[in-house]
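Enquirer: Throw the hints in and build the complete structure from the sequences for me.
Number of protein chains: 2
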Amino acid sequence: MKRVLVTGAGGFLGTHCLAALVARGWSDVHAVSRSAGREPGVTWHTCNLFDADDLAALMRSVKPTHALHFAWCTTPGEYWTSPENLRWVAASVTLLEEFARSGGRRFVAAGTCAEYDWQHGFCSEQTTPLAPGSPYGSAKHAFQILLSSFGPVLGVSTAWCRIFFPYGPYEHRERLVPYVIRSLLGGEPALCTSGEHRRDFLYAGDVTDAFAALLESDLAGAVNIGSGEPVAVKSLVAAIGERIGRPELIRLGARPLPASEPDLLVADVRRLRDELGWRPRTALTQGIEASVEFWKRYG
Amino acid sequence: MKRVLVTGAGGFLGTHCLAALVARGWSDVHAVSRSAGREPGVTWHTCNLFDADDLAALMRSVKPTHALHFAWCTTPGEYWTSPENLRWVAASVTLLEEFARSGGRRFVAAGTCAEYDWQHGFCSEQTTPLAPGSPYGSAKHAFQILLSSFGPVLGVSTAWCRIFFPYGPYEHRERLVPYVIRSLLGGEPALCTSGEHRRDFLYAGDVTDAFAALLESDLAGAVNIGSGEPVAVKSLVAAIGERIGRPELIRLGARPLPASEPDLLVADVRRLRDELGWRPRTALTQGIEASVEFWKRYG
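Going down the list, the protein sequences come from chains A and B.
Take the position in the first sequence, starting the count at 1, then add 56; the result is the number in this note's numbering.
Take the position in the second sequence, starting the count at 1, then add 56; the result is the number in this note's numbering.
Check the hints yourself; a few may be wrong.
[As the list claims (entries may be wrong)] Have a look at the derived ranges for each label pair, beta carbon to beta carbon:
#1 B/P318 / A/S291: 43 to 53 Å
#2 A/F350 / B/S117: 50 to 60 Å
#3 A/R161 / B/S117: 40 to 50 Å
#4 A/F350 / B/M57: 56 to 66 Å
Hints were generated in silico from the structure; no laboratory data involved.
Where a beta carbon is used, it is the ideal one built from N, C-alpha and C, also for glycine.
Expert: Written out as structure tokens, the structure reads:
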């Protein structure tokens, strides 16, 4: 009998992931967040993951066989350098230990493309140097090192998803896609960079379906979760302008691009596509449409 | 006013380090261990570093400006793969946070040559790939990543000592040098490998004097702590045989060398020597003599 626990279940990717698991036929899904949520077919638990006793009690009560770990600090503008990243490393270590102690078998956690040395635009799990340029990337990478080394020690099969640029409903309202959508829906100009830089965007529902597919496999180690297709930020923004019908409100070049932002960041998706056998299902235009509809309703 | 806190102060290197600090003129030395010790000129504290509340209370009471962090799991035969390494990462993170919170300025911690990819026998901080071959090496390396990334975030100057092969009084009795000394002093044969492999040995009093020198500097990042001189294990063992006058009890080739043990492991000491300006003071024969005298008294 399989039973999955999802941390950060109230967040952007966690919310999509619950739907992805249910859609894939997981019948015993347990969601953990700071406050109780509501999602049909899911059992909710509130837990302070920084409290080791609270976490241990949760694990003893749920006894999950599988875990998807999304919880981490994510506040835009803060999470790159927040000391809270350190607390998430410690909490994640405790989560892994308690999962193993309560009989857990398969643990998949959210990493980030920020673990790679961004001087290499094409990021490959096997060859691209891991040299995070930020405390956030370092903290995630430190936990990946611990996960891959101690999984075997603890008898837990593990994998690590290096997420590139997810977007979609429930994304934080200050991030790029929601900002542009909300500005245009409100008839306000959207102040953007020149948008020449290319990124690897993947619809959040696809990102989390890939997580679920990886959870169901026994693939080990780091796996990039991206589309594999570089898209110029100005093209993404233009697609939003077209969808909403207000392209004239987009102001390319109104903001400087920070020097730390490389020209290209794209995932090598060969592990995801060839080893896991997974492919994206949602075209950029569909993902944008879903995002616009979300902000029309909840903006 | 400078005040230093030393963790793991009751252990092998911690014990040497207290003496090194006092010898260098540190007048306000605070030692932390699980049980109270005795060392002239040192204030002792007992603390369970796995207990975050206990640790926070200690830091609020001592308010150290400097810290030397040695505490970690070290039981021979166990520490390479023990899950306790995970708890030491979490405890070290909490230690760093509480040190910063109580006004600490300079934090130096013990790393290991086991962080390097041992296929490269000559280990250099700048160029040798970091690819630990053990959970212990991975855990130490994960903490170094966190320390170097979050030191600046927390306003703490940090450095990291990659220790090679320390030996001397107070070393665990099951490790190579004490084992050979105790066997020979007891008139028993010492069963050794062929001893052709070369390692970088440094007397523990020198190792910890280098730690103290690094603490007094503002050098950042990883610094190898070694002699820079490769010595064949059979030469080290032979020096013990000569010193005790029982060379015939040494049985080279009586044990197989594990396949994981490389032929050469030696520190590139250019940072230590040229940037820190530090050099070893204790010749191998002197270090062996001190070790033999120790085991004559305490064996």
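Enquirer: Now tell me, hint by hint, if it's right for this structure.
Expert: Outcome of the hint check:
1. B/P318 / A/S291: 43 to 53 Å: Taking Cβ atoms as reference, B/P318 and A/S291 lie about 51 Å apart, which means the hint holds.
2. A/F350 / B/S117: 50 to 60 Å: holds, 52 Å
3. A/R161 / B/S117: 40 to 50 Å: holds, 44 Å
4. A/F350 / B/M57: 56 to 66 Å: holds, 58 Å
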